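So the chains spell out like this:
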Amino acid sequence: MEGQLKRPDVDYLEKKKKFAQQFMSIAAEVIESC
Amino acid sequence: MAKKITIGIIYSYDENWIGGTYYIENLVNSFSLLRKALQPTVWLFNYSSLSEDQVRDRFNYQDILIINVPPYTWWRKLLVRMSRIFKFFTFFLYGRPNQLDLTFPNPYLEAHDLCKRRVYWVPDMQEAFLPELFGEVEIARRRDFHLNLIENNLPIVFSSQCALKDFENHYNKPNVMAFRLPFAVTLPMGDGALELTSLRKEFNLGGAPYFICSNQFWKHKNHTLVLEAMAILSEEFPTLIMVFTGQPRDTRNLEYYASLQDLVRELKLQKNVRFLGFIDRKAQLSLMKYAKAVVQPSLFEGWSTVVEDAKALNKEIILSDIPVHREQLSDDELFSIQWIKIHYHWP
Numbered sequence: 000m001e002g003q004l005k006r007p008d009v010d011y012l013e014k015k016k017k018f019a020q021q022f023m024s025i026a027a028e029v030i031e032s033c
Numbered sequence: 000m001a002k003k004i005t006i007g008i009i010y011s012y013d014e015n016w017i018g019g020t021y022y023i024e025n026l027v028n029s030f031s032l033l034r035k036a037l038q039p040t041v042w043l044f045n046y047s048s049l050s051e052d053q054v055r056d057r058f059n060y061q062d063i064l065i066i067n068v069p070p071y072t073w074w075r076k077l078l079v080r081m082s083r084i085f086k087f088f089t090f091f092l093y094g095r096p097n098q099l100d101l102t103f104p105n106p107y108l109e110a111h112d113l114c115k116r117r118v119y120w121v122p123d124m125q126e127a128f129l130p131e132l133f134g135e136v137e138i139a140r141r142r143d144f145h146l147n148l149i150e151n152n153l154p155i156v157f158s159s160q161c162a163l164k165d166f167e168n169h170y171n172k173p174n175v176m177a178f179r180l181p182f183a184v185t186l187p188m189g190d191g192a193l194e195l196t197s198l199r200k201e202f203n204l205g206g207a208p209y210f211i212c213s214n215q216f217w218k219h220k221n222h223t224l225v226l227e228a229m230a231i232l233s234e235e236f237p238t239l240i241m242v243f244t245g246q247p248r249d250t251r252n253l254e255y256y257a258s259l260q261d262l263v264r265e266l267k268l269q270k271n272v273r274f275l276g277f278i279d280r281k282a283q284l285s286l287m288k289y290a291k292a293v294v295q296p297s298l299f300e301g302w303s304t305v306v307e308d309a310k311a312l313n314k315e316i317i318l319s320d321i322p323v324h325r326e327q328l329s330d331d332e333l334f335s336i337q338w339i340k341i342h343y344h345w346p
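Chains as they are written, first to last, in numbering that gives the first Met the number 0: chain E, 0 to 33; chain Z, 0 to 346.
For the record, the hints were derived by calculation from the structure and aren't laboratory data.
Since this is a predicted model, take the numbers as computed values, not measurements.
There could be a bad hint or two in this list.
Heads up, simulated DSS-like pairs for lysine-lysine below, C-alpha to C-alpha not over 27 Å straight-line [stated by the list, open to error]: (1) Z:LYS314 <-> Z:LYS291; (2) Z:LYS164 <-> E:LYS17; (3) E:LYS16 <-> Z:LYS164; (4) Z:LYS2 <-> E:LYS16; (5) E:LYS17 <-> Z:LYS281; (6) E:LYS17 <-> Z:LYS314; (7) Z:LYS172 <-> E:LYS16; (8) Z:LYS2 <-> E:LYS17; (9) E:LYS16 <-> Z:LYS314; (10) Z:LYS115 <-> Z:LYS172; (11) E:LYS17 <-> Z:LYS35; (12) Z:LYS281 <-> Z:LYS291; (13) E:LYS17 <-> Z:LYS76.
Could you put together the complete structure from these sequences and hints?
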């Protein structure tokens, strides 16, 4: 299959930010639960 | 104001599994995008042979303390154990008090012993689907690791819903704290790239168009399929080139790389194929940027770094039809995707 990726209006930066935010949310949840 | 978190990150520069190295680098580098108040302090436990300066060059994050971990001698083991009970003992280990709130992700190293809150990473469950590519020892090692996580109800991060579901199905829906955390990549050269002419010269690419397949030479990466496709394509496009980058070593299948060389000769593709070996990441990504398209034929992934690289570069990609690839592309509102079914066979 072929995935043609086109995203002229959105920056990949947002994905990186989401990665960091999600990791920190997991960290907070684990810290709170232990 | 929330307390600043200190996270112990376990790092190893390992060209035999560079995906794991890039994963950690991408995670830490992504922290710089958080609001200042939310950015964690990172203690980076360096288990590789890279010097502190070499490691620092690979990270673009301010609040980071790099700790080179020496060999695990008996007295060090003792200090680590003591540090777990009495934080004061970390002064003797690292010259500072233990402030770690959490450690991530490797379970086998001493740094994990310093902190009672640990998060683990299970990259994928490949051994359950392609057991023929693994030795019994490796399968048993992975199983022991997973069972230990389950028995102790330890938090686990999976990079995809596919990996998470595979784990749950394989172990009959265990009661664990499981998280889906798809990763994104940070390109070390930003939006730029190395100069194409120099790259073509350095890697003997001539002036012809090329595709690129950037995977370590693990058997499950399915390079064979690409060579078979090139044999068909080269009849119509005799100057077309396929570039392979990646460590030429499958530690689980030592004959694999040599078998690909044999296949190149058998298919008479010597002029159409370049094996560049493991190259600098900036050069690899620059080659991807200038390629006609990226090719990712893998039979199994937890979350493909190559696919993320292609996304970050906004590059066309031709990829195998496996569930995680569909998840990785379809589950992403940032991209519009055209699915085109092409000839595909499962070996």
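Checklist entry - What are the numbers of the hints that this structure violates, sorted from low to high? => result Going through the list in order, the structure violates hints 7 and 13 and respects the others.
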